[in-house]
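J.: The lines below spell out each chain.
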Amino acid sequence: MTVEDGARPPEQTASTQATVTPPAAQRSTGLMHSGVGRNLGLVVALVLLCIVGVITAGHTFATGANVLTILRLAAVIGVVSIGMTFVITGGGIDLSVGAMVALASVWATTLATQQLASDLHWIFMVTTALVVGAACGLVNGLLIAYGKVVPFIATLAMLAAARGLAEIISDRKTQIITVNSFVDFFGGSLLGVPVLVWIFLLVAAAGWVLLNRTTFGRRTFAVGGNSEAARLAGIKVQRHTVALYVLAGLCCGIAAVMLMARTTTGSSTHGQLYELDAIAAVVIGGTLLSGGRGTIVGTVFGVLIFTTLNNVFTLNNLSISAQSVAKGAIIVIAVLLQQRLAARATSQ
Amino acid sequence: MSARTRTFATAAIAGLGVLALAACTSNTPKAEESDNAPAPQAVAAGKNDEPGQKVRIGFSAPAADHGWMGAITKATQAEAKKYSDVELIVAEGTNDVNLQISQVETFINQKVDAIVLLPFDGAALTPVATKAMEAGITVVNVDREFDSPFAARTTILGDNHGMGVSAGTYICQQLKDKKDAVVAEIAGIDSLPLTQDRSKGFKEALADCGLKVSNRVAAEFTVESGEKAAANLLQAAPKIDAIWNHDDDQGVGVMAAIKNSGRKEFFVVGGAGSANVMRDIKSGNSLLKATVIYPSTQGADGVRLARLLVQKKALGDLVEVEVPRTVQLYAPVVTKDNVDQYMPTAFES
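From first to last, the protein sequence lines are chains A and B. For the first sequence, our numbering assigns the number 1 to the initial residue and increments by one for each residue that follows. For the second sequence, our numbering assigns the number 1001 to the initial residue and increments by one for each residue that follows.
Derived from the structure by calculation, the hints contain no laboratory data. Check the hints yourself; a few may be wrong.
As the list claims (entries may be wrong) - Okay, derived cross-link-like pairs now, EDC-like style, lysine to aspartate or glutamate, Cα gap no bigger than 16 Å in a straight line:
id	chain 1	residue 1	chain 2	residue 2
1	A	173	B	1197
2	B	1081	B	1049
3	A	173	B	1190
4	B	1282	B	1337
5	B	1282	B	1340
6	B	1111	B	1087
7	B	1082	B	1134
8	A	173	B	1145
9	A	173	B	1147
10	B	1082	B	1301
11	A	173	B	1121
12	B	1081	B	1301
13	B	1212	B	1177
14	B	1082	B	1050
15	B	1131	A	184
16	B	1259	B	1227
17	B	1264	B	1241
18	B	1054	B	1087
Stated by the list, open to error - Which chain B residues face chain A? A few, computed with CB under 10 Å, are given here:
id	residue
19	1058
20	1092
21	1095
22	1102
23	1105
24	1106
25	1107
26	1108
27	1110
28	1111
29	1121
30	1124
31	1147
32	1149
33	1157
34	1343
Cβ atoms here follow ideal geometry from the backbone N, Cα and C, with glycine treated the same way.
The task is simple: from the sequences and hints, build the whole structure.
T.: As structure tokens, this is what we get:
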């Protein structure tokens, strides 16, 4: 199949998963190296950060409790970033993720929903959040695929509208969750690992399989790489685009549930600027902003680098403004490092 | 300065309170300190500013996207520097509750002695603050209240309702002989409880002298929104006697709109207490005649109280030997006569 042959990235990211590159496939050795190289840059950056953390705040940094703190923070934005990876790989962008998180959190914590949840089961709050997220994604997708609105504009409109709607529903008040079973379940731990972190792991694993091991994933690469070629290859590009945005919306619904558990509230102010955090994590991870190439593993590393960075800053009591400067610098360094390593790997 | 005089004044009281203090500190987490406590505590309670046991305090607040909020963090850091026994760990200001929660979790992991927390959203930060308290960390809640009494040892609040009352009372005093005076109000973000409290207090105080709010517009605490709201207000009301503007940051825009309109028939009362506004009041040649303070020193007070709580000292000038549960700060009116008194604690916006 032409599409499969043309879509090299799946192979690439698949090989990075295995870490050890088998020397068998001669033809694509360079590409595989570049895949390893890209993620190697991220691993180096993360390891460097951790070394800095251990040196400057070893007694607190290298503890189980601190690692869990980093992971819990990473979990919410991580799930959003997984959805974002799909959209960006498919050649789009979603600026409305933060607003969708806010709207889903507000809708899932209205008095009516909570009443239903406490009468029957908290699963109703979860379903509400997921449905709201997916529905917003559907609107985005339809506007972009069939309305021919540029993704940037369509999701910008959703950003404004969803947060506005969240403000209307909540009357800009913070809605406190009184359904204890919900908070107990999602706030708890399983085998010593917080449920939130489990959810992140599950979503990441499912995302990896979906992107690298299914037709859906191969089509995503094809649509993002060259949508016209994908159409000629027989892919229903419009339908696929809608599915990608629904997926992103669904991830926002999941993130909303996680944020609700973490804060025991739903609020129209939740998820502020998550779009930027998510896009930054995805791009640092090695997904091409122009589409056609994407990696879930890279995104997970991108998110971890950001949150570890934050943790190291907080532990070292660095000045607030210096933190922002350093953050910007590290984004650039991480990307430059990736490019150099990738280039070296290909030239060998 | 007042702190020092206060400490001398309380020396005697504290001396009497020593026994009670020793008994009362049994609920504090560190047992080994209460063993040899009585003697050092007697000294400490009398002279609160003297260096004592080292205290590590974590501080977290929302992003400094507003002059007042920026001042909170600055004042807090400045206050901590005054004490050789205080180590302040400041987390990056953020409006993302997820991140702020993780900052508090980091403080817990670092085993700080106390956390001074101005939450972006009180309700959202309640679970993690409760966790910190359970871990034996003294939590001091600043400005935006948690929704559980178990989440903080002490809460420091401003007085939004009181701001309205102070502003209304001042306007009543100035307009006492004008019964048909036109009073206008430029509020902040209307859906926030703090704005509603301010407006309620204002209305009540005006009603007390037979006045009412004739025109009311709402801005959004930003310069830009203040300009827009004031321009609309000036269009709507051809003659005004007094304006109360809730917030000095948006006030920069309000004054710009007034200047553009060329109107001079009224006086303006500000809110929050920025240094800019105080300089205008002092100069006397501005329409701004007064402002009502919403103290930007709440975080700084939080550090002081956290230090006292960890060191098990009493609050000076109170007979009570424990630091109070809630401290609500006063909203005084600043005029040309008393502006010098408040200038040092004013914030630059």
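J.: A separate judgement is required for each hint: does it hold in the structure or not?
T.: Quick rundown of the hints versus the structure:
Under the criterion of a C-alpha separation no larger than 16 Å, the hint pairing residue 173 of chain A with residue 1197 of chain B is consistent with the structure, at around 15 Å. At most 16 Å may separate the alpha-carbon atoms for a hinted pair to count; residue 1081 of chain B and residue 1049 of chain B meet this at roughly 12 Å. Between the alpha carbons of residue 173 of chain A and residue 1190 of chain B the distance comes to roughly 12 Å, so the proposed pair stays at or under 16 Å and holds. Between residue 1282 of chain B and residue 1337 of chain B the alpha-carbon distance is near 8 Å, which keeps this suggested pair within the 16 Å criterion.
Proposed proximity of residue 1282 of chain B and residue 1340 of chain B is supported: the alpha carbons are some 8 Å apart, at most 16 Å. A threshold of 16 Å between alpha carbons decides the hint, and for residue 1111 of chain B with residue 1087 of chain B the separation of about 13 Å falls inside it, so the pair holds. As the CA atoms of residue 1082 of chain B and residue 1134 of chain B are separated by approximately 29 Å, the hinted pair breaks the 16 Å bound. Distance check on the hinted pair: residue 173 of chain A and residue 1145 of chain B sit about 14 Å apart at the alpha-carbon level, within 16 Å; holds.
Simply put, residue 173 of chain A and residue 1147 of chain B have alpha-carbon atoms about 13 Å apart, close enough for the 16 Å limit, and the pair holds. For the hint linking residue 1082 of chain B to residue 1301 of chain B, the alpha-carbon distance of about 12 Å falls within 16 Å, and the restraint holds. Between residue 173 of chain A and residue 1121 of chain B, the direct Cα distance comes to roughly 10 Å. Compliance with the 16 Å bound is thereby established for this hinted pair. Pair hint residue 1081 of chain B plus residue 1301 of chain B holds up; C-alpha atoms about 13 Å apart against a cutoff of 16 Å.
Annotation: proposed proximity of residue 1212 of chain B to residue 1177 of chain B holds, straight-line Cα distance about 14 Å (limit 16 Å). Pair hint residue 1082 of chain B plus residue 1050 of chain B holds up; C-alpha atoms about 11 Å apart against a cutoff of 16 Å. Proposed proximity of residue 1131 of chain B and residue 184 of chain A is supported: the alpha carbons are some 14 Å apart, at most 16 Å. Distance hint between residue 1259 of chain B and residue 1227 of chain B is fulfilled; the C-alpha atoms sit about 10 Å from each other, no more than 16 Å.
A distance of roughly 10 Å separates the Cα atoms of residue 1264 of chain B and residue 1241 of chain B; the hinted pair therefore holds under the 16 Å criterion. Straight-line distance between C-alpha atoms of residue 1054 of chain B and residue 1087 of chain B comes to about 8 Å, which keeps the hinted pair within the 16 Å bound. The beta carbon of residue 1058 of chain B is positioned within 10 Å of a beta carbon in chain A (closest approach about 9 Å), and the interface hint is therefore held. About 5 Å separates the beta-carbon of residue 1092 of chain B from the nearest beta-carbon of chain A, less than 10 Å, and the hint is met.
For the restraint placing residue 1095 of chain B at the interface with chain A, the shortest Cβ-Cβ distance is roughly 5 Å, inside the 10 Å limit, so the hint holds. Because the smallest distance between the Cβ of residue 1102 of chain B and any Cβ of chain A comes to about 4 Å, under 10 Å, the interface hint for this residue holds. Checking residue 1105 of chain B against chain A by beta carbon gives a least distance of about 4 Å; that is within 10 Å, so the hint holds. This hint holds: residue 1106 of chain B has a C-beta 5 Å from the nearest C-beta of chain A, less than the 10 Å allowed.
The criterion of a C-beta within 10 Å of any C-beta in chain A is met by residue 1107 of chain B, whose closest approach is roughly 8 Å, and the hint holds. A distance limit of 10 Å between C-beta atoms decides the matter here; for residue 1108 of chain B the minimum to chain A is near 8 Å, and the interface restraint holds. Hint on residue 1110 of chain B holds. Least Cβ distance to chain A is approximately 5 Å, under the 10 Å limit. Annotation: interface hint on residue 1111 of chain B holds; nearest CB of chain A at approximately 8 Å, less than 10 Å.
Contact between residue 1121 of chain B and chain A, as hinted, is supported at the beta carbon level, the nearest pair being about 5 Å apart and thus within 10 Å. With 10 Å as the threshold, the beta carbon of residue 1124 of chain B comes within range of chain A, its nearest partner Cβ sitting at about 4 Å, so the hint holds. The interface hint given for residue 1147 of chain B holds, since its Cβ lies 6 Å from the closest Cβ of chain A, which is under the 10 Å cut-off. Taking 10 Å as the C-beta cut-off, the interface hint given for residue 1149 of chain B is violated, the closest approach to chain A being about 15 Å.
Given the 10 Å rule on beta carbons, the hint for residue 1157 of chain B is violated: about 17 Å separates it from the nearest Cβ of chain A. Contact between residue 1343 of chain B and chain A, as hinted, is not supported at the beta carbon level, the nearest pair being about 25 Å apart and thus beyond 10 Å.
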